[in-house]
Amino acid sequence: MKYTKHPTSVVDDKTQIGDYTKIWHYSHVSTGAKIGRWCILGQNTFIGKNVVIGNTVKIQNNVSIYEGVTVEDDVFIGPSVVFTNVINPRSFIERKNKYKPTLVKQGASIGANATILCGVTIGEYAIVGAGAVVTKDVPDYTIVVGNPAKKIGMTNQEGDLEEKEKKDASKNTDAEF
Numbered sequence: 001m002k003y004t005k006h007p008t009s010v011v012d013d014k015t016q017i018g019d020y021t022k023i024w025h026y027s028h029v030s031t032g033a034k035i036g037r038w039c040i041l042g043q044n045t046f047i048g049k050n051v052v053i054g055n056t057v058k059i060q061n062n063v064s065i066y067e068g069v070t071v072e073d074d075v076f077i078g079p080s081v082v083f084t085n086v087i088n089p090r091s092f093i094e095r096k097n098k099y100k101p102t103l104v105k106q107g108a109s110i111g112a113n114a115t116i117l118c119g120v121t122i123g124e125y126a127i128v129g130a131g132a133v134v135t136k137d138v139p140d141y142t143i144v145v146g147n148p149a150k151k152i153g154m155t156n157q158e159g160d161l162e163e164k165e166k167k168d169a170s171k172n173t174d175a176e177f
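The opening position of the sequence shown corresponds to residue 1 in my numbering, with each subsequent residue numbered one higher.
Rather than coming from a laboratory, the hints here were simulated on the basis of the structure. Each residue gets a CB set at the ideal place from its N, CA and C atoms; glycine is no exception. Among the hints, erroneous ones may be present.
Straight line, CA to CA, 30 Å or less: simulated DSBU-like cross-link-like pairs of lysine-lysine [unchecked claim]:
id: 1; residue 1: K22; residue 2: K58
id: 2; residue 1: K2; residue 2: K14
id: 3; residue 1: K150; residue 2: K98
id: 4; residue 1: K49; residue 2: K5
So the derived label-pair ranges between C-beta atoms look like this [said to hold, decoys possible]:
id: 5; residue 1: K150; residue 2: P89; range: 22 to 28 Å
id: 6; residue 1: R90; residue 2: R37; range: 16 to 22 Å
id: 7; residue 1: T8; residue 2: K100; range: 29 to 35 Å
id: 8; residue 1: R37; residue 2: D12; range: 15 to 21 Å
id: 9; residue 1: G131; residue 2: Y26; range: 21 to 27 Å
id: 10; residue 1: H6; residue 2: E158; range: 30 to 36 Å
id: 11; residue 1: R95; residue 2: P139; range: 26 to 32 Å
id: 12; residue 1: N156; residue 2: K14; range: 35 to 41 Å
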């Protein structure tokens, strides 16, 4: 085992975990999950059955990633982010055959307490603001906030506002940053 995990964490059989990955307290990695190299899974994270997580992904505390979700390389997932996998869940109806796949593309960042509904794609280097509820695809390099999440600007690979957005932001004296 070239990854490290806290003794309180559970890693089921038949998982693949890359070298130098760290799994912190009270986390659970389910059967069939694939996690890349140099990842960090914060305290109390849940990685569902057959979830795929790329390399150098940072998942903060209290995150649940359910079956059907794929996370590409270099993604940041903030504290208490929740992913869903069924549009119309009922406790008395099993809908495992109706999971809708969700994709988080390379370099995307998702802020604390965001909710990501199933069946969406979050584009490369996109930013989802804290508390946002993502109900539709987020294009590459786009910044979204709110409930439901709406575009407020564009970013680059470093997470900076694009020049047009910087100029627009400087004109808005009521803006809170």
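Here is what the structure says about each hint:
{"no.": "1", "hint": "K22 / K58", "verdict": "10 Å, holds"}
{"no.": "2", "hint": "K2 / K14", "verdict": "16 Å, holds"}
{"no.": "3", "hint": "K150 / K98", "verdict": "27 Å, holds"}
{"no.": "4", "hint": "K49 / K5", "verdict": "18 Å, holds"}
{"no.": "5", "hint": "K150 / P89: 22 to 28 Å", "verdict": "25 Å, holds"}
{"no.": "6", "hint": "R90 / R37: 16 to 22 Å", "verdict": "39 Å, violated"}
{"no.": "7", "hint": "T8 / K100: 29 to 35 Å", "verdict": "32 Å, holds"}
{"no.": "8", "hint": "R37 / D12: 15 to 21 Å", "verdict": "20 Å, holds"}
{"no.": "9", "hint": "G131 / Y26: 21 to 27 Å", "verdict": "24 Å, holds"}
{"no.": "10", "hint": "H6 / E158: 30 to 36 Å", "verdict": "32 Å, holds"}
{"no.": "11", "hint": "R95 / P139: 26 to 32 Å", "verdict": "29 Å, holds"}
{"no.": "12", "hint": "N156 / K14: 35 to 41 Å", "verdict": "39 Å, holds"}
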